[in-house]
Every structure is written in structure tokens, then in C-alpha cells.
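Which chain is which? The protein sequence lines are A and B, in order. Residue numbers for the first sequence follow the numbering used here, so the first one is 14 and each next one is one higher. Residue numbers for the second sequence follow the numbering used here, so the first one is 614 and each next one is one higher.
It should be emphasised that the hints constitute simulated quantities derived from the structure, not laboratory data. Here the structure is a predicted model, which means the values were calculated and not measured. Even glycine gets a Cβ: it sits at the ideal position worked out from N, Cα and C. Treat the hints with caution; some may be incorrect.
[As the list claims (entries may be wrong)] Straight-line alpha carbon distances no greater than 20 Å define the calculated EDC-like cross-link-like pairs of lysine to aspartate or glutamate that follow:
(1) A:LYS27 / B:GLU617
(2) A:LYS159 / B:GLU617
(3) B:LYS628 / A:GLU120
(4) A:LYS27 / A:GLU16
(5) B:LYS618 / A:GLU110
(6) B:LYS621 / A:GLU163
(7) A:LYS141 / B:GLU643
(8) B:LYS637 / A:GLU110
(9) B:LYS618 / A:GLU113
(10) B:LYS637 / A:GLU145
(11) B:LYS628 / A:GLU109
(12) B:LYS621 / A:GLU120
(13) B:LYS637 / A:GLU16
(14) A:LYS146 / A:ASP123
(15) A:LYS35 / B:GLU625
(16) B:LYS621 / A:GLU109
(17) B:LYS628 / A:GLU110
[As the list claims (entries may be wrong)] Every beta carbon over 12 Å from chain B, so not counted as near; a handful from chain A, in silico:
(18) LEU15
(19) LEU51
(20) SER59
(21) ASP61
(22) ASP81
(23) THR85
(24) LEU119
(25) ARG127
(26) SER150
(27) TYR153
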Amino acid sequence: MLEKTELYNQFHNKVQNYILAKVKNIFEAEDICSKVFLRIYEKLDSFDEKRASLSTWIFTIANNTLIDYYRTRHVQGEVPETFATSESVEESVCNEEMLETLAHALESLDMRERDIIVFRYYNNLSLKEIAEKIDISYSYVKIMHKKALENLKKYFENV
Amino acid sequence: MGIEKNLKSLFEFQKFEKNSRLEKIISETENRYATNLSDSDVSNVAAAGDVGLTAENFPDGKLDKPKNDKYHPLGNV
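If we strip away everything but chain A, and leave its shape as in the complex, we get (with noise of 0.2 Å):
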């Protein structure tokens, strides 16, 4: 059985700066972040290693609860398009594993397509802004980006 206090000491500082880097704000920052401990303790009896690693699991809460929080506070209302999806941790590709491939399948990129890839979908450029930023046409970019999605999808085909 996991220890709430050690849950909190060894994942209060990665929620916060997760949230805090959404909300901006850190007074809100630390309301959610309370309430997605007020979450995991809920549930802790539930939480069950074969189908998630813990920082998965904790992960999905935060996302949440922060969909909750826009879908309730936020002034516009609106979800960010980065976590508009509320997924359940069967559903997630998200593991630590995953994130070690994702990194290798990264390396085994050009250079360009690399970076594509990142400020696309870590900085959620679009393909223009992205075209303005590394200084090659938009036309270019947008074959750049066909290719590194298909050579990565290989990639994770063939791990």
C-alpha cells in the first residue's frame, strides 16, 4: 500500500510545475494541484500497477483535473488543445518507456525533421509559424513534416 505522505513528497513538486506551467498563475496552481491530491487519495485504493506505472497514473489525474478547471473557471472556457482529450490510463500511450523510444525514434531523424516534429508537437507550432521560425518555406515544411510522421510511424511500428 502506498504512503500518502510519500506520494506527496515524491510527485508534489512535478504536479506543481506541470499545472503551474498551464495556469501561469500560482495561487490557482496550487488549488488544482490540492485537488488533484485530493484525487489521488480518493483513489488510491484503485490504483493498480499492472495497468499503469504510478507517474502515468498520477499524470492522468493531473490532466483531469485541469480539463475539469478550464471546463469550469477558466475565463474563456476554452481546453487547451494539447489536453482537450480526457483519456483514461488504458488508453494512454504515455509511460516512461515510451518516452525512451520516442526519444531514440527522434534521434534517428534528420536534423530538420527533428525540430519539425519538436516545435510542432512539444511547442504546438503550427507549420507556419514553424516555416518562419527555422526560415525554410511553408510548402517545405509541410513535406518535411509528411515525411518525419512517416518515418516515425515505422519507426514505432517496427519497436
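Mind docking chain B on chain A? Use the hints.
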């Protein structure tokens, strides 16, 4: 699930998990296209001065929580 959705999910998880290998790749990409600050940008940054975001404002010297209600991330406003 499509490759694009998987990538979005994984990069989002990276913001939480901070895998060191992936962090290095992301930093390298961001640094490759980092905009150089002009002289006027640098002087504007210097003019902004100390906005009070120091470890002393936080309990235990950690930059993660304000010590009291007077704290504001933009200093005395």
C-alpha cells in the same frame, strides 16, 4: 490511435515526466533557433531590474511557493 495524437500525448507527458534524453533533444532544437537579443532588448531587460523573485520570498528558500500574501510575481504592484 494516429501518430499525431500519440506525439501530442507523449510530448505532453514529457512536460510532466521530464525524460532526460528527450529533454536534451528538445533543448538542442530550441537553442538552434533561439533569437539573439539586440542591444536594446538587453538594456530593456536590465532596466526591468529585480522583480523580487528570489528564494527569500519563499519558505525553505525554494522557489515554489510564496511566503505571504504580499508576494506578487511582478514585484510590488
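Report task. Return the numbers of the hints above that this structure violates; sort them in rising order. Result -> 1, 10, 13, 24, 25
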